[in-house]
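Let chain H serve as the given structure and place chain S on it in line with the hints.
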Amino acid sequence: MIRVEIERKLFGGTEVLRDIRFAVAPGEVVALLGPSGVGKSTLLRIVAGIDTDFEGRVERPRRLGMAFQEPILLPWRSAAENLTLTHPGLGTDGAEEALARVGMAGMGGHFPGQLSLGQQRRVALARAIAGAPEALILDEPFASLDAETGAGMVALTARLIAETRAPTLFVTHSAEEARTLGTRVLRLGGRPATITAEDGQG
Amino acid sequence: MIRALSLLALVLLWVVAATITADPLILPQPWALVGPFLRETASGTLPYHLAMTLTRVAWAFTLAMTLGVALGYVMGRFASVDRWLDPWLVVFLNLPALVLIVLCYLWIGLNETAAIAAVTLNKIPNVATILREGARALDPGYEAMARVFGMPAARRLRHVILPQLAPYVTAAARSGIAVIWKIVLVVEFLGRSNGVGFQIHLYFQLFDVGMVLIYSFSFIAVMLMVEWLMLQPLERHVRRWRAA
Numbered sequence: 001m002i003r004v005e006i007e008r009k010l011f012g013g014t015e016v017l018r019d020i021r022f023a024v025a026p027g028e029v030v031a032l033l034g035p036s037g038v039g040k041s042t043l044l045r046i047v048a049g050i051d052t053d054f055e056g057r058v059e060r061p062r063r064l065g066m067a068f069q070e071p072i073l074l075p076w077r078s079a080a081e082n083l084t085l086t087h088p089g090l091g092t093d094g095a096e097e098a099l100a101r102v103g104m105a106g107m108g109g110h111f112p113g114q115l116s117l118g119q120q121r122r123v124a125l126a127r128a129i130a131g132a133p134e135a136l137i138l139d140e141p142f143a144s145l146d147a148e149t150g151a152g153m154v155a156l157t158a159r160l161i162a163e164t165r166a167p168t169l170f171v172t173h174s175a176e177e178a179r180t181l182g183t184r185v186l187r188l189g190g191r192p193a194t195i196t197a198e199d200g201q202g
Numbered sequence: 001m002i003r004a005l006s007l008l009a010l011v012l013l014w015v016v017a018a019t020i021t022a023d024p025l026i027l028p029q030p031w032a033l034v035g036p037f038l039r040e041t042a043s044g045t046l047p048y049h050l051a052m053t054l055t056r057v058a059w060a061f062t063l064a065m066t067l068g069v070a071l072g073y074v075m076g077r078f079a080s081v082d083r084w085l086d087p088w089l090v091v092f093l094n095l096p097a098l099v100l101i102v103l104c105y106l107w108i109g110l111n112e113t114a115a116i117a118a119v120t121l122n123k124i125p126n127v128a129t130i131l132r133e134g135a136r137a138l139d140p141g142y143e144a145m146a147r148v149f150g151m152p153a154a155r156r157l158r159h160v161i162l163p164q165l166a167p168y169v170t171a172a173a174r175s176g177i178a179v180i181w182k183i184v185l186v187v188e189f190l191g192r193s194n195g196v197g198f199q200i201h202l203y204f205q206l207f208d209v210g211m212v213l214i215y216s217f218s219f220i221a222v223m224l225m226v227e228w229l230m231l232q233p234l235e236r237h238v239r240r241w242r243a244a
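For the record, the sequence lines run as chains H and S. Heads up: the first sequence runs through residues 1 to 202, numbered per the numbering used here. Heads up: the second sequence runs through residues 1 to 244, numbered per the numbering used here.
Nothing false has been slipped in among the hints.
Which bits of chain H does chain S cover? Going by a derived footprint, with three or more residues having C-beta under 8 Å, they are:
| hint | segment |
| --- | --- |
| 1 | 39-53 |
| 2 | 67-79 |
Which residues of chain H face chain S? A few of them, derived with a C-beta cut under 10 Å, are:
| hint | residue |
| --- | --- |
| 3 | R62 |
| 4 | R63 |
| 5 | L64 |
| 6 | T86 |
| 7 | H87 |
| 8 | F111 |
| 9 | P112 |
| 10 | G113 |
| 11 | A128 |
Here chain H is said to cover these stretches of chain S; the calculated rule only asks that three of the stretch's residues, wherever they fall, bring their Cβ under 8 Å from a Cβ of chain H:
| hint | segment |
| --- | --- |
| 12 | 138-144 |
| 13 | 153-165 |
Because the hints were derived from the structure by calculation, they are not lab data. From the three backbone atoms N, C-alpha and C, an ideal C-beta is built for every residue, glycine too.
Extracted from the complex, chain H is given alone in its bound form:
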């Protein structure tokens, strides 16, 4: 369960977020939709606990899985080590298995620099989902991929989310991604940004 009650978030005197309240229940996939620069990533960083400088309250489980806008893999460690360093309980075999689930079987020994952006995003997704997270946060994990790779990633992500059933919050600026993946869509807009619309999905 993720529960968010943000009253205010200031960036150097400018109010960027105001009165944002929502919750994500287990099995639910909430898509945060909004134009670029509206504050989606800021909101996500607060939810993930990276940014603690705000007024309000966020409830989140202890074990989080997150995929960032950039893959943010440690370039000096192999793909498998990137998984085992963040999830020590996984072990080498578990890491290879997790990589196989995102279609990267046998590539654990590669350094991130040897992988394409699409492959790096797959590793980042594997890292987010490995270790049975109690909540998932995805920050535009399909950005800057070509249409075909992106579509493949969306399908893969949908399958993985369905398997874990963890409450999932994901950010996108594509209405199509939001509809495909999300069970519920929150629209972020205005200045300071707040939730302007909420559409449920059946």
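Coordinates of chain S only, in the frame set by chain H:
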């Protein structure tokens, strides 16, 4: 190849200069040094003094790197600490090595502690300045990732922070070792009774150019070995992921 030729040209220049001088007391021919070098090595005097100097270099290097890396890291991460310590850094960076050496001998005494402290203090500001840049360049993205996935401090240091600092640490180490051994010789020259610097002092007073050259070249050779056999392989190991 070009390196070898260039070094050979230097030796040739020496031979020409020695021939023109025609006075072995001022500049002996290179081959005239071989005999005394072998005698000095066989008697164990040269290895003994080399070992003494090398021990001091190792101590000062280890201390200066450890303290300098820690100081530079803290200054790079915390702007408030940096504001307080930066003026100190500027003062120590501009303090002549000789002043620190003399003061250490005067205050601590003519002993090993003073010698190593003097060299260490001379080098710390340099290492700290380089590492401060490294700490400032740390990527906040990795920090955020480590935090979200709850990586414990020790693992974060070893796998996230140190690899980012590695190029700065190796740069500080390589420039550090060259400066440190030169300062160690001065320290020995001024206030120790063994080591390469002490021997050079001795033969300086005896006006024995040959022995001064023998000790200098022996130590340069040792330090080149340290560079080729230890520092360069270490750097290659640290950088291997870039080449992959």
